[in-house]
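If you read the protein sequences in the order shown, they are chains B and L.
For the first sequence, the working numbering begins at 9 and goes up steadily by one.
For the second sequence, the working numbering begins at 9 and goes up steadily by one.
Since the hints were made in silico from the structure, they are not lab data.
One or more hints might be untrue.
Heads up, the list lumps identical chains together, so a pair's fine if it works in one copy or across two of them.
Below, in silico cross-link-like pairs of lysine to any residue (SDA-like), each with a Cα-Cα straight-line distance of 20 Å or less [as the list claims (entries may be wrong)]:
(1) Lys31 <-> Gly292
(2) Lys18 <-> Asp130
(3) Lys216 <-> Ile61
(4) Lys173 <-> Gly340
(5) Lys277 <-> Glu242
(6) Lys411 <-> Glu320
(7) Lys274 <-> Phe341
(8) Lys274 <-> Gly359
(9) Lys18 <-> Glu41
(10) Lys37 <-> Ser26
(11) Lys30 <-> Gly79
(12) Lys358 <-> Arg289
(13) Lys277 <-> Asn15
(14) Lys95 <-> Tyr80
(15) Lys74 <-> Glu320
(16) Lys31 <-> Pro82
There are 2 protein chains.
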Amino acid sequence: MVRINQNYLKLQGSYLFSTIAKKVAAYSKENPEVEIIRLGIGDVTQPIVPAVIEALHGAVDEMGAKETFRGYAPDLGYEFLRNTIAKNDYEKRGCDITPEEIFVSDGAKSDCANIQEIFDADCSIAVCDPVYPVYVDSNVMAGRAGEYDTQTGQYNKVIYMPCTKENGFVPELPREVPDLIYLCFPNNPTGTVIHKAQLQDWVDYARKNGSIILYDSAYEAFITEDDVPHSIYECEGARECAIEFRSFSKTAGFTGLRLGYTVIPKDLKAGGEDVWPLWARRHGTKYNGAPYIIQRAGEAVYSEAGQEQVHEQIAWYLGNAKIISEGLAAAGFEVYGGKNAPYVWMSVPKGLTSWEFFDQLLTKAGVVGTPGSGFGPHGEGYLRLSSFGDREATRKAIERIQKMF
Amino acid sequence: MVRINQNYLKLQGSYLFSTIAKKVAAYSKENPEVEIIRLGIGDVTQPIVPAVIEALHGAVDEMGAKETFRGYAPDLGYEFLRNTIAKNDYEKRGCDITPEEIFVSDGAKSDCANIQEIFDADCSIAVCDPVYPVYVDSNVMAGRAGEYDTQTGQYNKVIYMPCTKENGFVPELPREVPDLIYLCFPNNPTGTVIHKAQLQDWVDYARKNGSIILYDSAYEAFITEDDVPHSIYECEGARECAIEFRSFSKTAGFTGLRLGYTVIPKDLKAGGEDVWPLWARRHGTKYNGAPYIIQRAGEAVYSEAGQEQVHEQIAWYLGNAKIISEGLAAAGFEVYGGKNAPYVWMSVPKGLTSWEFFDQLLTKAGVVGTPGSGFGPHGEGYLRLSSFGDREATRKAIERIQKMF
């Protein structure tokens, strides 16, 4: 008799953003007159920039003509895109990453979720707390997380690394050495960053202990300050201990187009075995490549016009983040992030839990945030607001929140 | 110290089609004057039909305007596409499948490879032999396949179901009851079909034994004969024992656009647990949806113009299959398939292995096929040819093969 993967039963509730979507839909159905402002899920709202739209149209036409039609994409992604990425995202920053070490995919979420499967089922994992839920949930599904403890709100085999205002939201090096370490900077959900010397400490730690860092750098395009690394490969020795995930979702508004990539340096080993061929094999067996037209769209992001247009868009979103941060600070909230990231991490009023405050914001201000505790126990007492909304809507949301207090 | 997933080391060689691509590239490099005709990998060559190109352009424009821009897609896929699929692919054939039971994805390959992970690691699996390699390889990666036996060319925990000319390439019901049964009809690689009464026997067997059938119906659009089921849900009781995979790759030439879907009926249970929520959870956690513009392209396939155009394209490919089948039969080969599928399964000359004949075809005729043994031990002695090539090239390939004998 066939049986399900019992690990799935250990997952807690449904996926955070699905839960929020359902709550908002239910409220909206009962209160159709309320104009809801969504600053919850990190979904962009600005249209795809003209240089990319032009590339998309061009590639669509190619698909419609026999001479230029393209079928299955190469396993790792088209060379034109991998070359462009290697040059612009790495060579220009002094990082030694070759096109062959870049695996094009449909987004960082899929890759972050799937990467764990090339490692042993008994590997221990460490995550920041609060954390983007996909890292933990994908390991729960694989049986690495152990049992869920309703008291602590944590899985008993996961090493949680608290990120608090006391440590500037950068975790301390864990005493119990993890095999796999998930780090995400600029951070989701806190919007805070790690400085280069701090990240170098992590790289040194991983190399010394034979750990691998899974570095989610999906928000690097939002970095505005110096001394904040865009890539973990800016650190010495990272080629031997780190995998990096990148996304076009936030860099160029591709949440609806789906494009990302993962870097696996050929120097990376796990227990003496090369890691690169494993991911190559997984890619070739379980995935069929991002659509050709989307890969052309990704290439266009790096064109002169594309760069200018996406930088302008990011600056615009950071303008929203400023409105959120300054507005909330003026209303007496503690606020973090928002300078080098699209997220603002705000403290919730004393005496309320994150979910209680989420409900208050929804029902009293018609504003959707993401409850900090949804990202882990140390997110309790905070709420994440996203700067990806409309300018006027963002302003209105902050005014509504200000009026509540 | 971090360790790799040791199951990956049990994978045999590299992925079949990568191996072929490398062999052909090497030969082509050494013999640049030879015009290679590729009838190996099942990749289409005809351009995307006009109705779909038009829909793509329209959707691209939507992505470029603020009012019509779309970010993250709904977890299961856009309703407009799921409704269209439910109506056209199921309701019209008398199958009771609701839009909510349809999960839109980037292709049947990914889904076929990923589906196993929602089941217990100890579930036994059965596959046809010969078989599309993804079913086995994804289970090897998950540790379900056991050890590879170089003598038999098989994994010791997989139940192989021989498909031979004696049984008409439809396997017998296995005596040892498998938990998960992979079936693919019209079949890849043999191009042969199952009749409705035969498929009903499989459904009855699965229900009686508490097994689940994983039914890959990627080639259903090529069915020309009556009494050949397009969907397993044409059989009574299949809602309780079957998952179905569908692809736009072969139906509408989407190999480079990437779109497919998986059907999980809400009645399906595994060991008493509902299966639908598991796949929904996996989809929400590890995947972010097919691009909006591609989902609109998929919708356009079902428009009146779209249907007319893709049917014409399929008929054209079947014309190639006829040229291959008749040409090879005239040259004295045994040939199967090609009537309700894009593949022709030909016997190789006595005394040669599939790979030896593959090499002969490549070096003496400049034709690329796929060695039958690459699909499993019972594929030995056969070669798969695909009808997805150019008309003239296909004709030329067959003439070249005829001249060899």
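Which of the listed hints are broken here? 3, 6, 7, 8, 9, 12 and 14
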